[in-house]
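Assemble chain B onto chain A, guided by the hints.
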Amino acid sequence: MKRTEHSLPRATLLKSPTGIQGFDEITAGGLPAGRPTLVCGSAGCGKTLFGMEFLVRGATLYNEPGVFMSFEETNEELIKNVASLGFNLENLIEQKKIVLDHVHIERSEIEETGEYDLEGLFIRLGYAIDSIGAKRVVLDTIESLFAGLPNQLILRAELRRLFRWIKDKGVTAIITGERGEETLTRQGLEEYVSDCVIMLDHRVTEQTSTRRLRVVKYRGSLHGTNEYPFLIDETGFSVLPITSLGLEHIVSSERISSGISELDKMLEGKGYYRGSTVLVSGTAGVGKTSLAAHFAEAACKRGERVLYFCFEESPNQLMRNMRSVGIKLEPWVQKGLLQFQATRPTFYGLEMHLAVTHKAVNTFKPDIVIMDPINTFILGDKEYEVKTMLMRIVDFLKGNQITALFTSLTSTESALESSDVGISSLIDTWLLLRDIELNGERNRGMYVLKSRGMANSNQIREFILTDKGVKLREVYIGSSGVLTGSARLAQEAHESAGLLKRQHEIERKKRELERKRIVMEAQVAALHAEFKADVSEALKNIETEQDTINLQKNDRINMAVSRKSFVEKSNKKKHIKL
Amino acid sequence: MKPMNEKSDVKTIKKRAPKTDDDKWVLRLYVAGHSPKALTAFANLKKICEEQLEGKYSIEVIDLLLNPQRGMEDQILALPTLVRKLPVPVRKIIGDLSNTDRVLVGLDLLQVG
Numbered sequence: 005m006k007r008t009e010h011s012l013p014r015a016t017l018l019k020s021p022t023g024i025q026g027f028d029e030i031t032a033g034g035l036p037a038g039r040p041t042l043v044c045g046s047a048g049c050g051k052t053l054f055g056m057e058f059l060v061r062g063a064t065l066y067n068e069p070g071v072f073m074s075f076e077e078t079n080e081e082l083i084k085n086v087a088s089l090g091f092n093l094e095n096l097i098e099q100k101k102i103v104l105d106h107v108h109i110e111r112s113e114i115e116e117t118g119e120y121d122l123e124g125l126f127i128r129l130g131y132a133i134d135s136i137g138a139k140r141v142v143l144d145t146i147e148s149l150f151a152g153l154p155n156q157l158i159l160r161a162e163l164r165r166l167f168r169w170i171k172d173k174g175v176t177a178i179i180t181g182e183r184g185e186e187t188l189t190r191q192g193l194e195e196y197v198s199d200c201v202i203m204l205d206h207r208v209t210e211q212t213s214t215r216r217l218r219v220v221k222y223r224g225s226l227h228g229t230n231e232y233p234f235l236i237d238e239t240g241f242s243v244l245p246i247t248s249l250g251l252e253h254i255v256s257s258e259r260i261s262s263g264i265s266e267l268d269k270m271l272e273g274k275g276y277y278r279g280s281t282v283l284v285s286g287t288a289g290v291g292k293t294s295l296a297a298h299f300a301e302a303a304c305k306r307g308e309r310v311l312y313f314c315f316e317e318s319p320n321q322l323m324r325n326m327r328s329v330g331i332k333l334e335p336w337v338q339k340g341l342l343q344f345q346a347t348r349p350t351f352y353g354l355e356m357h358l359a360v361t362h363k364a365v366n367t368f369k370p371d372i373v374i375m376d377p378i379n380t381f382i383l384g385d386k387e388y389e390v391k392t393m394l395m396r397i398v399d400f401l402k403g404n405q406i407t408a409l410f411t412s413l414t415s416t417e418s419a420l421e422s423s424d425v426g427i428s429s430l431i432d433t434w435l436l437l438r439d440i441e442l443n444g445e446r447n448r449g450m451y452v453l454k455s456r457g458m459a460n461s462n463q464i465r466e467f468i469l470t471d472k473g474v475k476l477r478e479v480y481i482g483s484s485g486v487l488t489g490s491a492r493l494a495q496e497a498h499e500s501a502g503l504l505k506r507q508h509e510i511e512r513k514k515r516e517l518e519r520k521r522i523v524m525e526a527q528v529a530a531l532h533a534e535f536k537a538d539v540s541e542a543l544k545n546i547e548t549e550q551d552t553i554n555l556q557k558n559d560r561i562n563m564a565v566s567r568k569s570f571v572e573k574s575n576k577k578k579h580i581k582l
Numbered sequence: 003m004k005p006m007n008e009k010s011d012v013k014t015i016k017k018r019a020p021k022t023d024d025d026k027w028v029l030r031l032y033v034a035g036h037s038p039k040a041l042t043a044f045a046n047l048k049k050i051c052e053e054q055l056e057g058k059y060s061i062e063v064i065d066l067l068l069n070p071q072r073g074m075e076d077q078i079l080a081l082p083t084l085v086r087k088l089p090v091p092v093r094k095i096i097g098d099l100s101n102t103d104r105v106l107v108g109l110d111l112l113q114v115g
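Residue numbers (the numbering used here), protein chains in the order written: chain A, 5 to 582; chain B, 3 to 115.
Just chain A, same shape as in the assembly (with noise of 0.2 Å):
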């Protein structure tokens, strides 16, 4: 019976949105509805800020009205300090959803003298609640008490009591304590509070430090356990739940123009996919900026947004350089159409990187993000930490349908298709630059290493930046290997003075025939004109030789009549037998 009785309300254990970013989803949901939470950390890991921001969060977005009882900050101090988060306090006071208590303990000022208890301190929590009605309670920080009091025994069984006291209240609580030596907090506050512990944790790595979150434990739910990074800025807390998303990205066929029209004849004549991650790779000086501003540029010209991370160059040198190359930039920001974000690699952590790479997306919203360049981060940090640093990237921008571009510096020495960054198996198109050195000079040579779900074009093509943007042009491929530059030139001179000559031949051949077709003709003539004269040559000679037997006939018939030997029939006989 109990059991039964048990079990519904644990099954479905109401949750209190916190409103922080990214909180609600590693912890489901948020705090656990009606019950106290422990928040520890050492100082200035942003306890204060937590709570602070699930009160407001709470009075703004839930219509949950709070109480904040500080035993550390004044009012004043408090509403000041969370001014520059964009909290406006004292507006909320004003509305009776928010209620500031600033306890004032002051140890010189209190003798004791005999039994005790910390009823003072419920009856005005209480009063605080009911006046408004609240559902929150922030209990900042309550470990203060332990240098105000003398006397420990009272004062832990009082905040058993206290804490006891809450739940039976329903209120949703944070409590925050001081980080210990050995324990979660100094005073073991963890002791009472059991029900969902979050530790906050500011951490400092080769001089460069992140914030880092962690649920150390929750009653009832389940939670993600690892330590997720968070950011404090103008806008608050963001958590950053990045180690939750999966391989589930919408995929589209779509297919962007990568601003080169002769790299788009490589990928199919079309370009990139949307939402797939593009890597330009190569040594140093070969032209990746180049190619990833060429990207930009084309995306704005299609009306796309493109956040632009550059972690080497100033965004106004790098306009200025790109100028150089034809590429003008400056009208797309202006526009509004490009943004610009530039940090040193160096200057946080990579967590941070990661942080705040999340939140320029979410509030720029691009269609493309490019990074410029990416290894720059392994200065800093572990190359296996820059993977996964990247790794998410490149999922969070995959499940945002954001095509992302990003360079990689390799270093002359290793090999040119390992990226130092080891992320070539995140990548959906590679495209490798690469400088091929001939005949002393250095000329620049582009591939498509890889390219994800098309027929990519498996050419080496000479990379020319030019005033007008990068070019494209096929390399001379010949028996002594890849020629570019000027020994391509010389070889496609050489190559054309070839054609010429043999063009000149076949005039020329063409002009000997025809020399010897007239030739012909005229031979041919020649002899028609002798044969025509052998003709009547020969015409006139039958001609004489018929007159001349002709005439010796008339001769002899003239004799004969003159001998009149014979008669005229005999005369006819004669001549038959002739």
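Bear in mind the hints are in silico, worked out from the structure with no lab data behind them. The reader is advised that the hints may include incorrect statements.
What the hints assert, rightly or not - Selected chain A positions facing chain B (in silico; Cβ < 8 Å):
1) HIS108
2) GLU113
3) ASP121
Just so it is clear, CB atoms sit at the ideal spot from N, CA and C, and this is done for glycine as well.
Coordinates of chain B only, in the frame set by chain A:
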């Protein structure tokens, strides 16, 4: 030891006792309802005042259960708390006032040592 202390007590009290009627002691006792602690504290206070400040004091008992907002002014956390409003400076004494010596020290009626 103890008799000597008591002797000096008397001395100090005499020295520190209010000189004129204007120099009245204003005391506030914060309690929560009629709890045993509250009753003990009030009885102890009454006794001490009668002994040390005869006719020169006023005691205001504030029940925070009835008037919770009044606790703010004197930053009351522990109950019962006795606050000496006058003469200044304000002093706070927490507990049921069963330790008379400490009450006297707390009220500045007795200098330690």
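Interface hint status, GLU113 (chain A) versus chain B (Cβ within 8 Å): holds, 5 Å
Status of the hint placing HIS108 (chain A) at chain B (closest C-beta pair under 8 Å): holds, 5 Å
Interface restraint verdict for ASP121 (chain A) against chain B (beta-carbon cut-off 8 Å): Constraint on ASP121 (chain A) satisfied, holds at 6 Å.
Violated hints for the displayed structure: none, as all numbered hints are satisfied.
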